[in-house]
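Student: Each chain is listed here by its residues.
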Amino acid sequence: MPAPTSVTLGKAINMGLRRAMEEDPKVLLMGEDIGRLGGVFRVTDGLQKDFGEDRVVDTPLAESGILGTAVGLAMRGYRPVCEIQFDGFIFPAYNQIVTQVAKIHGRSQGKLPMRIVIRVPFGGGIGAVEHHSESPEAYFSHTAGLKVVSCSNPVDAYWMIQQAIRADDPVLFFEPKRRYWEKAELDVTAEPGPLFESRLVREGTDCTVLAYGPMVKTALQAAAAIESEGRSLEVIDLRALSPLALDPVYDSVRRTGRCVVVHEAPTNLGLGAEIAARITERCFYSLESPVLRVGGYDTPYPPSKLEEDYLPDLDRILDAVDRTFSF
Amino acid sequence: MPAPTSVTLGKAINMGLRRAMEEDPKVLLMGEDIGRLGGVFRVTDGLQKDFGEDRVVDTPLAESGILGTAVGLAMRGYRPVCEIQFDGFIFPAYNQIVTQVAKIHGRSQGKLPMRIVIRVPFGGGIGAVEHHSESPEAYFSHTAGLKVVSCSNPVDAYWMIQQAIRADDPVLFFEPKRRYWEKAELDVTAEPGPLFESRLVREGTDCTVLAYGPMVKTALQAAAAIESEGRSLEVIDLRALSPLALDPVYDSVRRTGRCVVVHEAPTNLGLGAEIAARITERCFYSLESPVLRVGGYDTPYPPSKLEEDYLPDLDRILDAVDRTFSF
Amino acid sequence: MSMSPGETGSSARAGATGVTPGDSSFAEAGPELIQLLTPEGELVSHPDYSVDLSPEQLRALYRDLALVRRIDVEATALQRQGELGIWASLLGQEGAQVGAGWALEEQDMAFPTYREHGVAWTRNVDPLDIISLFRGCDNGAWDPIATKFNLYTVVIGVQCLHAVGYAMGMQRDGAAGAALAFFGDGATSQGDVNESFVWASVFSAPVVFFCQNNQYAISEPIEKQSRIPLFQRARGFGFPGVRVDGNDVLAVLAVTRKALEAARTGQGPTFIEAYTYRMGAHTTSDDPSRYRLASEMEAWKLKDPIERVKAYLVRSGHADSAFFASIEAEADELAARIRKGTIEMPDPEPASMFTHVYAEQTAYLEDQGAEFAEYHSSFAGADDDLATAGQEA
Amino acid sequence: MSMSPGETGSSARAGATGVTPGDSSFAEAGPELIQLLTPEGELVSHPDYSVDLSPEQLRALYRDLALVRRIDVEATALQRQGELGIWASLLGQEGAQVGAGWALEEQDMAFPTYREHGVAWTRNVDPLDIISLFRGCDNGAWDPIATKFNLYTVVIGVQCLHAVGYAMGMQRDGAAGAALAFFGDGATSQGDVNESFVWASVFSAPVVFFCQNNQYAISEPIEKQSRIPLFQRARGFGFPGVRVDGNDVLAVLAVTRKALEAARTGQGPTFIEAYTYRMGAHTTSDDPSRYRLASEMEAWKLKDPIERVKAYLVRSGHADSAFFASIEAEADELAARIRKGTIEMPDPEPASMFTHVYAEQTAYLEDQGAEFAEYHSSFAGADDDLATAGQEA
Ligand SMILES: Cc1ncc(C[n+]2csc(CCOP(=O)(O)OP(=O)(O)O)c2C)c(N)n1
Ligand SMILES: Cc1ncc(C[n+]2csc(CCOP(=O)(O)OP(=O)(O)O)c2C)c(N)n1
Ligand SMILES: [Mg+2]
Ligand SMILES: [Mg+2]
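Chains as they are written, first to last, in my numbering: chain P, 1 to 327; chain G, 1001 to 1327; chain C, 2001 to 2393; chain H, 3001 to 3393.
Worth flagging that the hints you see were computed from the coordinates, not collected in a lab.
Don't be surprised by glycine CBs; every beta carbon is placed ideally from N, CA and C.
Be aware that one or more of the hints could be misleading.
Simulated restraints, written as ranges between beta carbons of each label pair [said to hold, decoys possible]:
| id | chain 1 | residue 1 | chain 2 | residue 2 | range |
| --- | --- | --- | --- | --- | --- |
| 1 | C | Asp2347 | P | Asp168 | 51 to 59 Å |
| 2 | C | Ser2289 | G | Gly1052 | 20 to 28 Å |
| 3 | G | Glu1288 | C | Asp2347 | 33 to 41 Å |
Here are some, though not all, of the chain C residues that point toward chain H, as calculated from beta-carbon distances under 8 Å [said to hold, decoys possible]:
| id | residue |
| --- | --- |
| 4 | Leu2053 |
| 5 | Ser2189 |
| 6 | Asp2192 |
| 7 | Arg2227 |
| 8 | Arg2233 |
| 9 | Gly2238 |
Computed list of chain P residues with no C-beta within reach of chain H, every gap over 12 Å [to be verified]:
| id | residue |
| --- | --- |
| 10 | Ala3 |
| 11 | Ser6 |
| 12 | Pro25 |
| 13 | Lys26 |
| 14 | Arg36 |
| 15 | Phe51 |
| 16 | Gly110 |
| 17 | Ser198 |
| 18 | Ser228 |
| 19 | Pro248 |
| 20 | Asp251 |
| 21 | Phe327 |
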C-alpha cells in the first residue's frame, strides 16, 4: 500500500485520469494539445505516451467537433473525457452540450447513456488575457440532463474525476485553474465519499459560508482571519453544482441563521441566486438576515490588472458576513 | 392620424419592424426563411417584397453565421435584426453571442457598439416537436453585455421591437410564440414608455405575482379566477429580464408581503431564482413568506402530449399563492 | 440486374453524362450526375458504378419504395385529421432513402435527420415508433442500438459529428462497419457539418456523408447555401464527392454501397450528393406555394423514383399486374395498421417526464417528480380542469 | 522592382514551381507555392504574379520588417522581465504580415487574430496600444475604426464571420474597399471559419481570407487539421485558393493585392495560404521543446523573411551598410520607447470595468459600480491590504 504523497491538484487529476484509463479500456481523452504537450496545464502529461494516440486524442481545433464526436463515441460505448482548454472556449461546443449531450439520454428513454466528462479549467486569478478566466458553470447548472461538479483540493480532484468518469451521466468537471499548483497529501488507497455531496470543511456557529472550487480556500482564509475577532464561520464546500446537495446547508443555516454564498461567476443569476432562493424557501423562519451573495461583478471578466478588484476575496467575504449581522 | 386597429402580436411586430426600417436605412433583417416565406410565423411577411433582398436577407442555414456576420455589419454601422427560427436553435450562435456580441462594446472601450437585435420566438404550448418550445432566456440574462426583454401583448410588441432596434446595445428580444395570434387594439400614434421597465398590469393587495412573456396572460387569468374567492393578486409584467427593473416590484411586495414568480423556463437557476434572491435582500422584513417560484420542471421540455402538465398554468400559480398564505 | 451489351451501348453516353434521352431537364444537374435507371425506366450503364440485382431483389426494392410512400401518405393524412402534431414528408425522396438503406449492412450505423422514414423502413423500424414522435408521445420509440438506426435529430447538422465519432469508435473496436450520416442541402452551411468533414478526413474515419439535396431548406433554394454543386464540397477537405441521381434507386444503391465499402476498408469518407426534390411541403406546417412554382414540381414529377422502377419491371417482364396488385394490397393493410395504431396510441404517463432525464436519478428531481405526482393526483378525476386550464393558459 | 528579362527568364521555372534553385526544402510546400524572392534573395518571376516596387519602397519594406521584428523581440524580453502577462510572438511571420499589410488600401478593413503585430504596424497602430493588452491593462487600446484594424480576437475563428459581415456592409454601402480576415492553420477546423466561407461565397462578399499556416496550432502540427494543403479548402466552397511563400514578402504582397483587388471589383473572395513557420513558442507560456525538433527550426531559419530582402537589397545595390545601420538605430530607439512606455504604463482605473459594459449604462450596473467604488475607497491608502488579500486568496 503506497504511503500518502504530497501532490498538486493538477497532478492529482492526472493520476485520477491515469487510474480511470487503467481500470476501463473504454475511457479515452480528447482535446486540444493534450497529447505530446500534455495540455497547456500539463494535466494529461505523459498519458499519450503510455496509452497511445487512440486513447489520448489530439483533436482538430474545434470544440463542437470534440463534443460532437464524443457523443458518437459514447453511443458506441466509450467514455470520452473531453478537455476544454479554457473556460472561455467552451461556447463553440455549447450547442452540442445543451441540445445533444444533455438530452440524448432522455430522448432515447434511457437507451443511449451519455457517459461523457467535460473537463473545464475555470476561474481567474492567473493574470491571463480575455476568455481565460471565466466561470460559466451557471450556464450548465441551469441545463437539465447535465451534472456539474467542481473540486477545490487535490484529494477531491483525484477521486472526483474518477467518479465523474464512472458516472453514467454527462458531467461538467470544473477545475479551479488557479489552484492547480496547490499541494496536499493524497492517499490513493482511501475510500472516497459519494460524488454529488457537499462537505462541511470548517465548523462554526455564527454564519454559514458556502463556496466551491477556487473560492473554498478563500472562504477558509476568511474564517481564519475573522476568528480572532471572535466570530465563528462555518464553511461548506458545495462540490456538486448540479444537482445541488443542500441538505447539510439547510441544517447549518438553521443553526447559524445567517448565510453568505461565494463564487467568482457574475452574481446576477449565478449559483448564489438559486442557492439563496432555496435556502430562503426551506429555512425562512431560521434566517436572521437574507442570504447574501459575494460574486464577480456583472461585467465581463476584466483585464488582468483589475482581476484582484473583480474577484471575491477575503475582505469582500468578511464584509458580507458583517452585513448579515447588521440587518 | 390612423384610428387604433386590432392586430395580432405577430402582426404588431411585423408593423414595428416595418416602421423601424422606414425610419432608419441602416436597419436590416437577417434570418432563415424570412424573405419570400415571411418567416415560419410570418412575422416578416411582405418585408422583403418592399425593402428588397439586401435589407431582408434570407441567410444560409447557420445561426453562428447569422450572428457572426451581424457583428461585422454592426461594426460597419448597420443595425441587424436577426431572427432565430425557434428558441432551441439559438445555441449554434451561442459562442458569437456570449463571447463577441456581448463583449465587443466593452472590449473596444465603447468604440464598437453592437447594435444588434436577436428575435427569438420562445416558449411552449403549440404542440411542437423537440427544441421548438424552450425558454432559454436565463442563459442570456446571466451574460453581462447583453440586454434581454420579452413582450406579452401586441401593443408592447409593436413599441418594444422598435425601441430594441433603436437601442445602442445588443438586445435579446423574446417573443411569446403561443401568443402570436392574440389580438389587441393598437394605436400607432401613442407614446410608449421606456423599454427597460416593468409594468403593473393588475392592482392587488394580497400577493404579488411576477410574470413575463407568455405567462403574463396566465397570471392575469389566475388573478381573475381567484378574485371570486376574495383574494386580490397584484400582477406585474416584468418586460425587462436584463437589466431587471424591480423597484416597482419591491414597492409592491412591501405592500403585499407575498410574492410568486412565474416562468416557463426550468425553475433551477431560472429568472425566478435571481428575482427571489433580490426581493429577499431588499424586502426581508416585509416578507410574510418566502418568494415562491412557479416554473417549468427541471427536465428537458417534454413531448407535446405532456406540455400541459409541464407548463405553469392557472392552477399551479394559485397553488403557489395558497402556499404563500400557509407559511 | 445483368445488362446485355445492347442495353449498355445504347445509352452509355446518357448514363455517363447524366442527361437521359428525351429528358433534358436533368441538364442542370450537370454531367457528373450518376444514373443507372432513367426516368423512363431504361437501364443505362456507367463506367464506375453498377448493381447486380435479381428479379426478386428488384421486386423487393419496388415493394419498399411503394410501402414507404404509402406510410408517408398515410401519416400526412393522419396529421390533416389532427392525429399528429406535424409530419415531415419524404415524398419524392423514396429512391434516395431506400437506395441508401439497401446499401447498409447489418453492422453499419445510420444517423438520420427527421425525414429519413424510408431509411428507417429498411432498418425495420416500426412506422408507429416514428409516428409516436410526430404525435407528440415521445422523441422516437425505436431502439437505436438494436436497429442500428439512430434517433431522429432535429437540430440541423449535429448528427454528422455523432456519426464521425461513432465511426472513430468502430475504428478503435476494429469493427467491420461504417457510419452513414444523413443531412440536407441546407445543413451543409452549418459549422458542425463542415467540422465533421475535417474530423472524418483527419482520422480517415469509416463514415459516409449522404446529403439529400432536395433543392430546398424550407423556403430557401439551394443557391442560398452554395454557389457550386454540393458534392464538390468534399474536395476542400480531401476526400471524394459524387453526385448521384437521387431519384434513381439503383444508382443510389450502387454509389452508396461503393462508398460504404471504401469506408469499411479503411479508405476513409465519401460525400454523396443525392440530387432529388422535395415533392411535398417542408412539413405539414409549411406552405410551398409562397416560395416555389407548381411548374417546377411538374417537371420533377416526370422523374418520379418509383414510376421508373415500375416501368423497368414491366418492360423487363420481371413483374406483372398481379405483383403490383399484391403490393397495393399490402400497402393498404400497412396503412390500416398505421391508422389504427396511431389512433389507439396511448398518451405517455405525465410522470414519465422525470424518469429518463438521468441514468442515475437525482434526489432533487425525484422529489420534484413526487411533488408533481401528488399535485397531479389532487386533480384526480378532474383531468378536464387541468386540460382546460392548460388551454386557457 | 522592375525585372530585366534576364532575371525573369533565368528562373521562371523555379518561380512557377515554387522550388527555388539550391533550396529543395520548399519541396514539401508543393509546386503550387507562389514565390517571387528566394530565400537566397534572388528574384524569380511568376506567370501570374509580380510586384513593381521602387528602391525606396523596397527599403521601406525592409524597414517595416526589421522594426516589426524588433517590436516583437522587445515585447518578448519585457514579458520575460515580468512587465507583460504573456506575449504571442510573430517571429518568422514578419514577411506574411508586412506583405499582407502593404497590400491593404486605406479603405480596406483588417480582422486580426492575436498575433498580427506586423499587420498592426502597417496600419499605424502604436505598438504600446497592443502591449497594453498583453500587460493586462485593457483588451487593446487602438481605435479599430480609425486604424481600419479590428481589435485582436482571441476566440479562434470568430473574426472570419465578422470580416464577411463587414464586407457585406461595404457591399451595401457601395464602398470601394474589401475586408481582410486573418486566421491560422488551426482555425481552419472551426465551424465558424467554414461558415464564413459559405457566406462569402453565397453573397460573393468583398473579403479575402488570409491564413498564416505557421505549421502549428500550439503543439499540434498541421496534419491534425487537414490531410490536404489548406489553400485547397476554398475549392469546396467555390472560390479560388492560392498558396504563397509566406516568408517571401514580395510574393505575399503581390498575391494579396491581386486578391483584394478582385474582391473590391465584385469578383468575390479568395483564400490565401501563406506558408510560413512559427519560429518562436506559441506564446511566452509555451514550451515547444515538448513537441518539435530544433532541427525543424534550423531548416526554416534558412528561409528567413527578412534576410532574403536584405540579401536582395545588397545584391541589387539598392541599399548600403549606412542604410542598414540607420534602420538598426531606428529599431533601437523604437525598442527604447516601447520599453519606457511599457514600464510607465499606468494601471487602469478599477472602476473602469463598469463603464463600457453597455453603450447605455444600466441603473443596476451603475449602482453596483457605486457600491464597488465606496467599498474600494474604504481601503483608501491600504491598497496593500487589498493586494495581499487578493494574492492570499
Ligand atoms: C440549428 C437549426 N436551425 C434551424 C432549424 C429549423 N429548420 C428545421 S428544418 C430546416 C431546413 C433544413 O433544410 P435541409 O438541411 O435542406 O433539410 P430538408 O428539410 O430539406 O430535408 C430548418 C431551417 C433547425 N431544425 N435546426
Ligand atoms: C475557440 C478557441 N479554442 C481554443 C483556444 C486556445 N488557443 C489559442 S491559440 C490556439 C492555437 C491556434 O492555432 P492557429 O489557428 O494555427 O494560430 P496560431 O496560434 O498558430 O497563429 C488555441 C487552441 C482559443 N483561443 N479559442
Ligand atoms: Mg433540403
Ligand atoms: Mg498556426
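Student: Now look at each hint and say whether the structure bears it out.
Tutor: Hints and how they fare:
no.: 1; hint: C:Asp2347 - P:Asp168: 51 to 59 Å; in the structure: violated (29 Å)
no.: 2; hint: C:Ser2289 - G:Gly1052: 20 to 28 Å; in the structure: holds (22 Å)
no.: 3; hint: G:Glu1288 - C:Asp2347: 33 to 41 Å; in the structure: holds (40 Å)
no.: 4; hint: Leu2053; in the structure: violated (34 Å)
no.: 5; hint: Ser2189; in the structure: holds (5 Å)
no.: 6; hint: Asp2192; in the structure: holds (6 Å)
no.: 7; hint: Arg2227; in the structure: holds (4 Å)
no.: 8; hint: Arg2233; in the structure: holds (4 Å)
no.: 9; hint: Gly2238; in the structure: holds (4 Å)
no.: 10; hint: Ala3; in the structure: holds (30 Å)
no.: 11; hint: Ser6; in the structure: holds (21 Å)
no.: 12; hint: Pro25; in the structure: holds (24 Å)
no.: 13; hint: Lys26; in the structure: holds (23 Å)
no.: 14; hint: Arg36; in the structure: violated (4 Å)
no.: 15; hint: Phe51; in the structure: holds (17 Å)
no.: 16; hint: Gly110; in the structure: holds (30 Å)
no.: 17; hint: Ser198; in the structure: holds (21 Å)
no.: 18; hint: Ser228; in the structure: holds (15 Å)
no.: 19; hint: Pro248; in the structure: holds (24 Å)
no.: 20; hint: Asp251; in the structure: holds (27 Å)
no.: 21; hint: Phe327; in the structure: holds (16 Å)
Figure legend: structure checked against the earlier numbered hints; hints not met, in rising order: 1, 4 and 14.
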